[in-house]
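Undergrad: Protein chains in written order, with UniProt numbering: chain A, 1 to 397; chain B, 1 to 379.
Think of the hints as simulated: they come from the structure by calculation, not from any bench. Since this is a predicted model, take the numbers as computed values, not measurements. Backbone N, C-alpha and C define an ideal beta-carbon position, used for all residues, glycine too. One or more of the hints may lead you astray.
Straight-line alpha carbon distances no greater than 25 Å define the calculated DSS-like cross-link-like pairs of lysine-lysine that follow [as the list claims (entries may be wrong)]:
id, chain 1, residue 1, chain 2, residue 2
1, B, 275, A, 392
2, A, 180, B, 275
3, B, 190, A, 238
4, A, 40, A, 193
5, A, 180, B, 267
6, A, 392, B, 142
7, B, 138, A, 177
For each label pair, taking beta carbons as the anchor points, the in silico distance ranges come out as [what the hints assert, rightly or not]:
id, chain 1, residue 1, chain 2, residue 2, range
8, A, 397, B, 153, 50 to 60 Å
9, B, 45, A, 132, 51 to 61 Å
10, A, 35, B, 45, 52 to 62 Å
11, B, 118, A, 207, 54 to 64 Å
12, B, 190, A, 193, 52 to 62 Å
For reference, the chains in residue letters:
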Amino acid sequence: MDMEFSPEDLAFQKEVREFIAENYPAELRDKQDEGEEMSKEDFLAWHKILYKKGWIAPAWPVEYGGTGWTPTQRFIWSEETARADCIRLMPFGLAMVGPVIYTFGTPEQKAHFLPRILSGEDWWCQGYSEPGSGSDLASLRTAAVKDGDDYIVNGQKTWTTLAQHADWGFFLVRTDKEAKQQEGISFLLIDMKSPGITVRPIITLGGEHEVNEVWLEDVRVPQSQRVYEENKGWTCAKFLLAHERTGIAGVAASKRGIEKVKAIARTELDGDEPLIANAFFKRKLAELEIDLTALEFTELRSLAGPNAGRGPGPESSLLKIKGSEIQQRLTELTLEAVGHYGAPYFRGFGESDNEHPIGPDYAHRAAPTYFNMRKTTIYGGSNEIQRNIIAKMVLGL
Amino acid sequence: MDFTYTETQDMIRDTLSRFLADTYDFETRQKFIASDSGRDPAIWTALAQELGMLGAAFAEEHGGLGGGALENAIVMEELGKVLGIEPYLPTVVIAGGALKAVGGAQADAMIPEIIAGNAIVSFAYAEPQGRYDLANLKTAAKKDGAGYVLSGHKSVVYAAPWASHLLVTARTGGGQRDRDGVSLFLIDAKLPGIVRRDYPTVDGSRASEIYFENVAIPGDALLGAEGAGLPLVERIVDEATVAVCAEATGVMQKLHEGTLEYTQQRKQFGVPIAKFQVLQHRMVDMFMEVEQARSMTIMGTLKLDLPANERMAAVSACKAKVARGANFVGQNAIQTHGGIGITQELAIGHYFKRATMIEGQFGSADHHLGRYERIVLAD
Numbered sequence: 001m002d003m004e005f006s007p008e009d010l011a012f013q014k015e016v017r018e019f020i021a022e023n024y025p026a027e028l029r030d031k032q033d034e035g036e037e038m039s040k041e042d043f044l045a046w047h048k049i050l051y052k053k054g055w056i057a058p059a060w061p062v063e064y065g066g067t068g069w070t071p072t073q074r075f076i077w078s079e080e081t082a083r084a085d086c087i088r089l090m091p092f093g094l095a096m097v098g099p100v101i102y103t104f105g106t107p108e109q110k111a112h113f114l115p116r117i118l119s120g121e122d123w124w125c126q127g128y129s130e131p132g133s134g135s136d137l138a139s140l141r142t143a144a145v146k147d148g149d150d151y152i153v154n155g156q157k158t159w160t161t162l163a164q165h166a167d168w169g170f171f172l173v174r175t176d177k178e179a180k181q182q183e184g185i186s187f188l189l190i191d192m193k194s195p196g197i198t199v200r201p202i203i204t205l206g207g208e209h210e211v212n213e214v215w216l217e218d219v220r221v222p223q224s225q226r227v228y229e230e231n232k233g234w235t236c237a238k239f240l241l242a243h244e245r246t247g248i249a250g251v252a253a254s255k256r257g258i259e260k261v262k263a264i265a266r267t268e269l270d271g272d273e274p275l276i277a278n279a280f281f282k283r284k285l286a287e288l289e290i291d292l293t294a295l296e297f298t299e300l301r302s303l304a305g306p307n308a309g310r311g312p313g314p315e316s317s318l319l320k321i322k323g324s325e326i327q328q329r330l331t332e333l334t335l336e337a338v339g340h341y342g343a344p345y346f347r348g349f350g351e352s353d354n355e356h357p358i359g360p361d362y363a364h365r366a367a368p369t370y371f372n373m374r375k376t377t378i379y380g381g382s383n384e385i386q387r388n389i390i391a392k393m394v395l396g397l
Numbered sequence: 001m002d003f004t005y006t007e008t009q010d011m012i013r014d015t016l017s018r019f020l021a022d023t024y025d026f027e028t029r030q031k032f033i034a035s036d037s038g039r040d041p042a043i044w045t046a047l048a049q050e051l052g053m054l055g056a057a058f059a060e061e062h063g064g065l066g067g068g069a070l071e072n073a074i075v076m077e078e079l080g081k082v083l084g085i086e087p088y089l090p091t092v093v094i095a096g097g098a099l100k101a102v103g104g105a106q107a108d109a110m111i112p113e114i115i116a117g118n119a120i121v122s123f124a125y126a127e128p129q130g131r132y133d134l135a136n137l138k139t140a141a142k143k144d145g146a147g148y149v150l151s152g153h154k155s156v157v158y159a160a161p162w163a164s165h166l167l168v169t170a171r172t173g174g175g176q177r178d179r180d181g182v183s184l185f186l187i188d189a190k191l192p193g194i195v196r197r198d199y200p201t202v203d204g205s206r207a208s209e210i211y212f213e214n215v216a217i218p219g220d221a222l223l224g225a226e227g228a229g230l231p232l233v234e235r236i237v238d239e240a241t242v243a244v245c246a247e248a249t250g251v252m253q254k255l256h257e258g259t260l261e262y263t264q265q266r267k268q269f270g271v272p273i274a275k276f277q278v279l280q281h282r283m284v285d286m287f288m289e290v291e292q293a294r295s296m297t298i299m300g301t302l303k304l305d306l307p308a309n310e311r312m313a314a315v316s317a318c319k320a321k322v323a324r325g326a327n328f329v330g331q332n333a334i335q336t337h338g339g340i341g342i343t344q345e346l347a348i349g350h351y352f353k354r355a356t357m358i359e360g361q362f363g364s365a366d367h368h369l370g371r372y373e374r375i376v377l378a379d
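Please model the complete structure; the sequences and the hints are all you need to start from.
TA: What follows is the structure in structure tokens.
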């Protein structure tokens, strides 16, 4: 065993660091520093730079446009992008539907969709959850009925993240009502501009428009846009969820988050001393950092261990549970650190965009982020469901 | 021993609860907190004039019902249940508490105005550098003839956009963190030189940054003795602390009730999710936190009149326990509701937001654990 970076890894780290320093857009950095909301164009700006460089899909096989990086190089990559506060890449195409298409798709589907995902030409959204199903995903009711070469799709999806920007969506739909729950489901790729699709915003506690309801009314979808066999969509769904869970461990971002909390706690005063000298606060910070280290090494083991390359298995549930809990504790500690300035609502009524928000810069988004991040133990299969998965699949209970 | 309420106290609770049920349903609240002013002034007027509620905690000689901290707790708990943003805490509990402690001409003049609903007082005590230290003040009041000149910056002053008066802590002497040299002033909110920047708060209220730019204030604005005001400030902040704990009890009760209700109607895997043992245990734990918050609030309220150290230890024990409980109940209410819990649409998330702000209001759990240890566990 060896946890040191090799000379090649160190050279790679240097290359990545320099590339980010030279190519990360300054106007994006300014907007982030001001705490401004990011537009679709902002998200795509960094995507396109990485696409040009050939670094947009480190996790993909080389034949489909991946980088061929080793697990260690991928680890370095996520560390460096988090360290530099790079804007997150939308996971829907790159981390979710892309791997499903190159694993289960037809040659035509691969040829058409994969290059467009890499280039950022298509913005994807995910049509999994429904009102009344959620973590009991297999109870979904959106139905697709055959009509000649097409399906006619009817139903309602919810929690559809950033669907307001989407060109395409990947949907789980019921194609056999008689079959056992998991067996009558198919995986469809649907053009979001199809007649019959309505996207309605859901505003969350921090005031953000991040998620939506998607209504499908007699939406016509060619059968050629079904991935994998009819009624076998659950296979794609499980594959995708396991991938999603690894991504949301968020180790590199949480490490960066801890650095930010420390900076706040060094600035905020508690009596004569900075907050970071407060024994209680320090204890919580230390515990969080230690727990994050434990998560990091667990993730490294799963990336570089004997099962590496076989795809994420049920142990990804562990990464999801611990990763999401740590993300939440981090936002909680940040809110605690900012004290009174957690209370002002960061989007004042009737204030012009030019006016500076209330309190220190690091305080503006502390409360909305804390509220927003309660989602992490709920989405991607709630943490209760993840514990069920471990109990059943790992412990054999 | 007796933990029952008097007939009058029961009547106060019932009257208020009925009134709020009629006037303060969640949709109505959401409408007025989104309006320009952020409130419905008719509610405050009704609380004063129709219900006589603003007089519950004041002496009969001032036109009140003769109550005190327990009556405040009753009102705050009911406000908590409806997420009330009415400025009862700064006006009645804090300013009223200060005036009762000081007595004399100032109390005689001001308390009837509060009871009648004519005066709204906002409490400007926190400063950007001070965190929860009440003595850490840069705001200064300099003697100027018979009066003072006030300068400084107060942060996150809840209800200030609505206030007719401000209760302000300022330094009349001593160094920035000295216990001596702190004074308390009750001033007109419209005096020249008071600059406000108003904004909404995440829990649905309104607040301001207040900048005092050489504000001339009269000598009789001083409450209590000059430079010896810290014990008075500590006393009223302790009253305010148990009052927000009472509010938290109402908020937590609604979070718990809402969760019970939701889990009984929401089905997954073919059964109501309330049938899952893991959720049952969680709701039992939430229930225990709500009950303990109620117990601690009563304990803290009943000990407000003890000597300072005993009072402070009791209040800190109360706040530490309630803050942890509010965190647990709030987070678990959201988790149990799933995605719908983090939307603006459902009331549960708004209760969670208020619970979260109460956690830190007048000191976090850690702050109060620290104060408790210094008093009770000192060598």
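Undergrad: Determine for every hint whether it applies to the structure shown.
TA: Hint check:
A threshold of 25 Å between alpha carbons decides the hint, and for residue 275 of chain B with residue 392 of chain A the separation of about 19 Å falls inside it, so the pair holds. Of the supplied pair hints, the one linking residue 180 of chain A and residue 275 of chain B holds, its CA atoms being roughly 23 Å apart against a limit of 25 Å. Of the pairs offered as hints, the one joining residue 190 of chain B and residue 238 of chain A is violated, with about 63 Å between alpha carbons and a cut-off of 25 Å exceeded. At most 25 Å may separate the alpha-carbon atoms for a hinted pair to count; residue 40 of chain A and residue 193 of chain A meet this at roughly 17 Å.
Between residue 180 of chain A and residue 267 of chain B the alpha-carbon distance is near 18 Å, which keeps this suggested pair within the 25 Å criterion. Of the pairs offered as hints, the one joining residue 392 of chain A and residue 142 of chain B is violated, with about 71 Å between alpha carbons and a cut-off of 25 Å exceeded. Restraint check for residue 138 of chain B and residue 177 of chain A: not satisfied, since their Cα atoms lie roughly 70 Å apart, outside the 25 Å limit. Our hint of 50 to 60 Å for residue 397 of chain A and residue 153 of chain B holds, since their Cβ atoms are close to 59 Å apart.
Taking the beta carbon of each, residue 45 of chain B and residue 132 of chain A are about 44 Å apart, not inside 51 to 61 Å as hinted. In this structure, residue 35 of chain A and residue 45 of chain B break the distance hint of 52 to 62 Å, their C-beta atoms being roughly 39 Å apart. Between residue 118 of chain B and residue 207 of chain A the C-beta distance comes to about 35 Å, which lies outside the given range of 54 to 64 Å. Residue 190 of chain B and residue 193 of chain A have their C-beta atoms about 56 Å apart, which keeps the hinted 52 to 62 Å range intact.
Violation of the numbered hints given earlier is confined to hints 3, 6, 7, 9, 10 and 11; the remaining hints are satisfied by the structure.
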